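Peer 1: Fit chain to chain and form the complex, with the hints in mind.
First to last, the protein sequences are chains P and U.
Residue numbers for the first sequence follow our numbering, so the first one is 1 and each next one is one higher.
Residue numbers for the second sequence follow our numbering, so the first one is 1 and each next one is one higher.
Simulated from the structure, these hints should not be mistaken for lab results.
Some hints could be false.
[To be verified] Partial selection, computed: residues in chain P whose CB lies under 7 Å from chain U: (1) Tyr22; (2) Arg38; (3) His42; (4) Pro43; (5) Gln48; (6) Thr86; (7) Phe98; (8) Gly101.
All of these numbers come straight from a predicted model, not from anything done at the bench.
Cβ coordinates follow ideal geometry from the N, Cα and C atoms, glycine included.
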Amino acid sequence: GQQVMQIPQYQHVQEGEDFTTYCNSSTTLSNIQWYKQRPGGHPVFLIQLVKSGEVKKQKRLTFQFGEAKKNSSLHITATQTTDVGTYFCSQGAQKLVFGQGTRLTINP
Amino acid sequence: DTAVSQTPKYLVTQMGNDKSIKCEQNLGHDTMYWYKQDSKKFLKIMFSYNNKELIINETVPNRFSPKSPDKAHLNLHINSLELGDSAVYFCASSQGGDGLGYTFGSGTRLTVV
Numbered sequence: 001g002q003q004v005m006q007i008p009q010y011q012h013v014q015e016g017e018d019f020t021t022y023c024n025s026s027t028t029l030s031n032i033q034w035y036k037q038r039p040g041g042h043p044v045f046l047i048q049l050v051k052s053g054e055v056k057k058q059k060r061l062t063f064q065f066g067e068a069k070k071n072s073s074l075h076i077t078a079t080q081t082t083d084v085g086t087y088f089c090s091q092g093a094q095k096l097v098f099g100q101g102t103r104l105t106i107n108p
Numbered sequence: 001d002t003a004v005s006q007t008p009k010y011l012v013t014q015m016g017n018d019k020s021i022k023c024e025q026n027l028g029h030d031t032m033y034w035y036k037q038d039s040k041k042f043l044k045i046m047f048s049y050n051n052k053e054l055i056i057n058e059t060v061p062n063r064f065s066p067k068s069p070d071k072a073h074l075n076l077h078i079n080s081l082e083l084g085d086s087a088v089y090f091c092a093s094s095q096g097g098d099g100l101g102y103t104f105g106s107g108t109r110l111t112v113v
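Next comes chain U alone, as it looks inside the complex (with noise of 0.2 Å):
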């Protein structure tokens, strides 16, 4: 059983289109993630959901909305992506908020063209 999986892992799309992108985990966290890592590999904090409330929102663009149904699942879905969306996406989940032991899913390969 994948303790944290993501869907798409990869997704090719024109710019101007809207996309989704899946994150579900069977760990039991409270907390679920966004993170992005771009071309340079920096990885950098999108948004946080405790227990489907967003606690974390990184001046991340109006375009990108997290959805938290319930604790086990944060999709993210992007309106309008543009050439600099193009990065890979990670989901991730952790229980307890101490940063112990983040669990990152397999990430989604956004290209967008």
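Just chain P, same shape as in the assembly (with noise of 0.2 Å):
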């Protein structure tokens, strides 16, 4: 499947300031999704995009879908605690193909 490289590895923040992942492909995806894995839980599906240039907002989350769709980005506005987690970023249909996952973690 095709590989999707995600960075920063790690992100650390003051509580109040905004967070950026970032989920690239060498090759056009036909879709790419975003999952928030809290510490000790599960994934948890966010959002699936598909189009070209697509954007979604929940609450204090925009998801983009880069114009080639060969990369993607999640932006948090103002974290807050609850914001701390792994974001993993994955694309595929029958087989989900994750990245390597972005951990935040937060300064109260």
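Peer 2: Written out as structure tokens, the structure reads:
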């Protein structure tokens, strides 16, 4: 399956700061999904993007799919301690191929 | 009601033993999966079943044998456990196989000593 590279691997922010994680592929993707995994928890589906240039928002979270459908980003505005966790991008249909994840920690 | 439930949550066992992990979903999904998450948090698919039929087997050692008695259940049996099998194993399910909205179980943390 197509590989997706996710950066950064770790991000530590002060509460209230913004956070962004990026997902990149060398080939065109048919879709991209984002998941959140809290410490000690399981991945929870956040969203799927399928259209070129698509932008979707969920409260303080903004998801983008690049025009060329080779990259995606997840941006969190004004982080809160409840945002702590590892954010994964993934792509695929019959099977999901996950990025390495970005672990977000927050200083309250 | 838990949508995807796995048992046990924790499993500590000695090398060479055989163990099973059970998974059940009550979402009516057609497809179920086993994923392995290693110590670096990397999530990798192991198996996928659609309506009790194996559709994906990702070069997993023969010691791992999935079994799906019906489309709501997917169990994982592991023979001759090795230290490297220590990981968190997640069961998941989805409807439609279009990548949309996998629901993961809470995971089974397997420790082989």
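Peer 1: Holds or violated: is there a CB of chain U closer than 7 Å to the CB of P:Phe98?
Peer 2: 4 Å, holds
Peer 1: Classify the hint on P:Tyr22 as holds or violated, based on whether any CB of chain U lies nearer than 7 Å to its CB.
Peer 2: The hint is violated - P:Tyr22 has no Cβ within 7 Å of chain U, the shortest such distance being about 17 Å.
Peer 1: Using 7 Å as the Cβ threshold, decide whether P:Pro43 counts as touching chain U.
Peer 2: 5 Å, holds
Peer 1: Does the closest beta carbon of chain U sit nearer than 7 Å to the beta carbon of P:Gly101?
Peer 2: 5 Å, holds
Peer 1: Taking 7 Å as the limit, does the beta-carbon of P:Thr86 come near enough to a beta-carbon in chain U?
Peer 2: 6 Å, holds
Peer 1: Restraint: P:Gln48 near chain U, CB-CB cut 7 Å. Satisfied or not?
Peer 2: This hint holds: P:Gln48 lies near chain U, its Cβ roughly 5 Å from the closest one there, short of 7 Å.
Peer 1: Answer holds if the nearest beta-carbon of chain U is closer than 7 Å to that of P:His42; otherwise answer violated.
Peer 2: 4 Å, holds
Peer 1: Any CB of chain U closer than 7 Å to the CB of P:Arg38?
Peer 2: 11 Å, violated
Figure legend: structure checked against the earlier numbered hints; hints not met, in rising order: 1, 2.
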